Structures are given as structure tokens and as C-alpha cells.
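Visitor: These protein sequence lines are chains A and B, in that order. Quick note: the first sequence uses the working numbering, first residue 885, plus one each step. Quick note: the second sequence uses the working numbering, first residue 3, plus one each step.
Warning: the hint list may mix true and false statements.
[Said to hold, decoys possible] Stretch by stretch, here's where chain A covers chain B in the computed footprint (C-beta under 8 Å, at least three residues):
| # | region |
| --- | --- |
| 1 | 69-81 |
| 2 | 125-134 |
| 3 | 159-167 |
[Unchecked claim] Reference excerpt, derived from the structure (chain B facing chain A, CB under 10 Å, subset only):
| # | residue |
| --- | --- |
| 4 | Tyr84 |
| 5 | Thr88 |
| 6 | Ser92 |
| 7 | Thr95 |
| 8 | Ala98 |
| 9 | Val107 |
| 10 | Met110 |
| 11 | Thr151 |
| 12 | Tyr154 |
[Claimed, not checked] Derived Cβ-Cβ restraints for the label pairs, each shown as a range:
| # | chain 1 | residue 1 | chain 2 | residue 2 | range |
| --- | --- | --- | --- | --- | --- |
| 13 | B | Glu166 | A | Asp1233 | 45 to 55 Å |
| 14 | A | Gly1078 | B | Val178 | 30 to 40 Å |
| 15 | B | Ala60 | A | Ala1165 | 50 to 60 Å |
| 16 | B | Ala167 | A | Ser1048 | 48 to 58 Å |
| 17 | A | Ala1263 | B | Ala71 | 40 to 50 Å |
| 18 | B | Gly57 | A | Asn1066 | 30 to 40 Å |
| 19 | A | Gly1242 | B | Val161 | 16 to 26 Å |
Keep in mind that the hints were calculated from the coordinates and are not lab data. Note that this is a predicted model, so its numbers are computed, not measured. We treat Cβ as the ideally placed atom computed from N, Cα and C, and that holds for glycine.
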Amino acid sequence: MMARILALLAILMAAPAAAQLRVDITTGIEQPMPIAVPVFPTPQNAPTEAGTTAELGQQVAGVIANDLGGTGLFRAVNQNAFPRLTMATVTAPAFEPVRTSGAQALAAGAVTASGGVLTISCYLYDLFSEEQLVRQEFTVTPAGWRRAAHKCADLIYSRLTGESGYFDSRIIYVAESGPATNRVKRLAIMDQDGANHRFLTSGQSMVLMPRFSPVDETVSYLSFAGNRPRQMLYNVATGQQRTIGDFDSMTFAGRFSADGRKLVFSVMRGGNSDIYSYDIATATPTRLTSGNYIDTSPSFSPDGRQIAFESDRGGSQQLYVMNADGSDARRISFGNGTAGSPVWSPRGDLIAFTRMTGPAFRVAVIRPDGSGERLLTDAWQDESPSWAPNGRVILFTRTERSGRAGLRSVDLTGRNDRRIATPMDASDPSWGPLLK
Amino acid sequence: MMLKAFPVLMLGGALVLAGCASKRDVLPPAATQPAPPPPAPIDRAQTVPPPADVGSRALPGSQAALVEAAGSDTIHFAFDRYDIDTEARSILTRQARWLQDNPGVNAMVEGHADERGTREYNLALGERRANAAKNFLVAQGVATGRLTTVSYGKERPAVEGSNEAAWAQNRRAVTVVVAR
């Protein structure tokens, strides 16, 4: 991939342990932290295949401000409220003029082009302690400038929240068009911020529920090609794909294990749906559940030892957790209505799911032992949750009463419920891993 | 202007030719009027022969023929259920008879669900419904090898809408004729 980061030149400089600046993202913040993100200066305005370095300096700052602002944890201060930085002041800024803009932190850097390669530096300053908290440099092809900007934003986010970032990542989802009775559904992929959007399938046959591997560029999805709904494995980098297993009936609802080596999915046979685990390297399926029930939507715990799933074995559709070998299934959801689509957080502490009361769906979280259920959203039909790589933000599908469907994200505190822009209607988002 | 010149005549409904604004143009009383000549024959327009009758009949072995013979290609289900009710039984019984009368075709039974429930659950529920319909057809004597099932879950509603009437129409199994 051309956009791949070529090298990391500098190592993150370890900052003093007791930095004053800290954003606590676990409790839900009242006020976003004001942060200054001035235009990145360039030593010489040079043309590149992605625009001039002066233009890129503006755009890099814009991407960083957008990434940080989109979390709801930060607010980018107006760039006119403080003086521009120069190549000389990027590494030694005057703090007072930036502080008077109301900012508490300063994200800065520079863009340099040399020999067809862009070097983008990234600094973070605490405006109170006047300490440098981040100092890193990224080398990319000019076309890869957005990735360097996302990586810079990830470093800043990580330094200020204590959590790993999630900006240098992609989303795969289902793009929808046409009337509800004859909807065209095709796979599409884009950067986490909506950039670099492209369609992956033509829409000739329906696709549903794409899910990213947590470790690489493999995606599983349900293809209706030839009216034979089958679980597929698809490498979005090489375009190679294959059908999972050799089943003579519908296979669906696939999801990867945290190490990307296994897929859990459902096999429909004779009106019953059972959960299978599939070893991708050896192409070996193992049946985990049985009985005259709909067992589906399996999701591995991050340590691979347990599987959350939904089942109607108790009379209505509810959440269950079982051991990875299929033993010891126990029900964990008991609230009002029914519950489905459980997805285990990459941190292991929570399971996101869809809480349904009649036609109204909301995204909720629950602990794996069934305690602490919390609703995160409140709209007409919110469903199909997917975790950000750091387990702090959830992507989901919102269908309006009008039938329009789109992607949204919400943080774990239920705050910052915001739209993710897509070129057309959208559903079934899956957040890919942080890129390497 | 003419209206202003002859208001009385206009009110009387008499025909006044524009430009002939003299007293002689006032028509005499009807009683003294000689019988009007028969109207001049209108130029006879060319006649168009009526469209030819088109006989229409569903081709043997077509979807339309199945619908004609069985009354419907679609059966409906109760919420979250997949059992075949009395009305569905009679439709499926007629479908089975038609399928046996038309051994040259196969059928794919499509199962569908209403929008309530997750995508995954509804895919399974749709398959249950398709499978229930298929089993009924097989029990009526249709060879199992002629029937396949596919579930579209909640992805292909018959009608749009989030209300009981729409949901009732969307919970269905449709028998689709496919060439053998």
C-alpha cells in the first residue's frame, strides 16, 4: 500500500511522569479540553503529488483538529486566536500567547518535503507546565499524509487520556441505496474520518455484516451471491476471497477472535441455527452448540476463552455467555424486551449489544456477568454495535422512522452521539484495527 | 366588447355572429321559424378498427401460473412464529398440487421477517419460515430435491412501514418458481 508509513524516525520522548494535563474519559467530561492546533509550517513551500507543503501544513492541522474534536473530549481553539508558528518556534514555542487563547495544550509540527518523501513532525506541549509531552516524526509518501496526521492525533490523544488512540484506522460497512423493498447493499470501506472512501462490491448481490479482523486486512462478510447466503473471508488488500467451510446451507454472523486466527459464526440447518468455531489456517470447523434453537451472533472474549451469543433457548431472544468449547452456557440479559448482537469489548470488561423493546432498538453495554446494563443511545432503531480498537467508542447503525439508515458513534459514557458521514445510506459498520 | 354591445342577446342565449351588429340579425320567434335543414353530414373520419383481442394466459410452469393455480405464492406468519396456519395450509396444499402437476420446474422458498429483531436473528427466523413451508410442501408429496430455501431476514420487506399492517405483510414465505 502506497500510503503505508515508511519509517518511524524518532522515538517518543518519555515525558515526566506527573504531567498536569489529563483528560479522564471514563466518567464523561463536562467541558472538552481546549487545544491549539496551528497550521504546520514548512521550511520551503515545495510541490508534491499531494499538493504543496504549505497546503499540506494546513490540511494536517485540520485532520488533527478534526480527529481530536470528534472525540468530544477536546475542542480546537480558533487558529486566529494565537500567533502562527514558524520552523523555529515549533520546537520552542512562546507559551503565553497561546495560553491567552484559552488553550490548555498545543499540538504543533512541521511539514518538509525531500526526495519525494514527506516528513511530518508532531509535538504536544502542556501550556501550564510548559513541558513537551510528545515529540515524534513520521516519514510518509506524499499520498500518505493523512495517515501521518492521524498518527500524530493518536499520540496526542494517547498522551492526554492514557488510552491508546484509534484515528489511524478504517471502517468497513454496507452502503445502501434504493427503496426498502429492493435495497442495493454493497461493501464499502473508508478511513475512520470518512476520507478515502471506496466501494468494494458492485451491489449485484446483497452483502451483510462485514467484520474486520482485529489484526489485519481480512474481513468476513455474508454474501448472497447466487441466492446462497454464505460466510466469506475477504482480504481487502489483495482482493482474494473464499467461502468459509463447505456447508450446504446458510452460514452467517461471522466474527473474528482477537488474534484473528478463528472465526465464530452460525450455521443454519433444518430451521435451526448452531454456532461453529472455525480455525482459519487449517480450515477446520467445530460445532459448539446444538438443540432446536436460534443460536447466533457469537463474539469471542479478547482472551479467547469465552463466547457471548444470542439465543431463543429460554423462550425469547437473550444474551448468553459460554466457554469457548461450547460448555456452560449461562444467560446474562434479563431486562425489558429482547437482546441481541452482543460484541465483546477489546478491553474485555463490557459487552455491547442491541436492546429491543418492540420496534425500538437501542445500543447498550453490559458486564460479562450480566450486571451493570446501561443504555447508550435513544433513538428509533440503533443496532449492530462495533467497538473502536481502544474499546472506548462504539460505532452503530441508526435507522430513522423515515427508513433512512446511517452510521453513528457514541462514547462509553453515552456522550458524543454523532453522525459518521457517508456518501449514501449506511449500515453494519465494523471498525478495523489501528494500522501499523 | 361584443358582450357590451349585445348584453340582452347574450343573456337570451342566442347565437350572434361577431361583426353583424344590425337588427336583422335578431332571430325571429321560434314559432315562425321554418324547420331547420338537416345538419350537413360531417366529413367522415377514417375509422380505426378496435384493438385485436389478446388472449392472456399464464404460461405453464411460470410464477404467474403458480399464483393462478394456488391463489398466492405467499403465506404469512404470526410475530416471531414459523408455524403454518390454516390459510397458509390451503395455499401450500394448492402450491404442492401445482408443483406436482408441473414436474419441469423447481422452486425456491424465500423466508422473510419483519423489522423487529436483529439482522442475525431475523435471518435465522426467515430460514425457519422457509423451511417450515418447504417441509409442508414435501409432506404433500413434492420431491425434496426440487425445493431449496433462502432467507432474506428483514432485508427485503414486501412493503415499507413500521406498523402492524406492514409487519404482517413482511412476515412471509414466498414460493418462487425456478427453471430446472
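Visitor: In ascending order, which of the hints set out earlier in this document are inconsistent with the structure?
Guide: Hints 1, 5, 6, 7, 8, 9 and 13 contradicted; others consistent.
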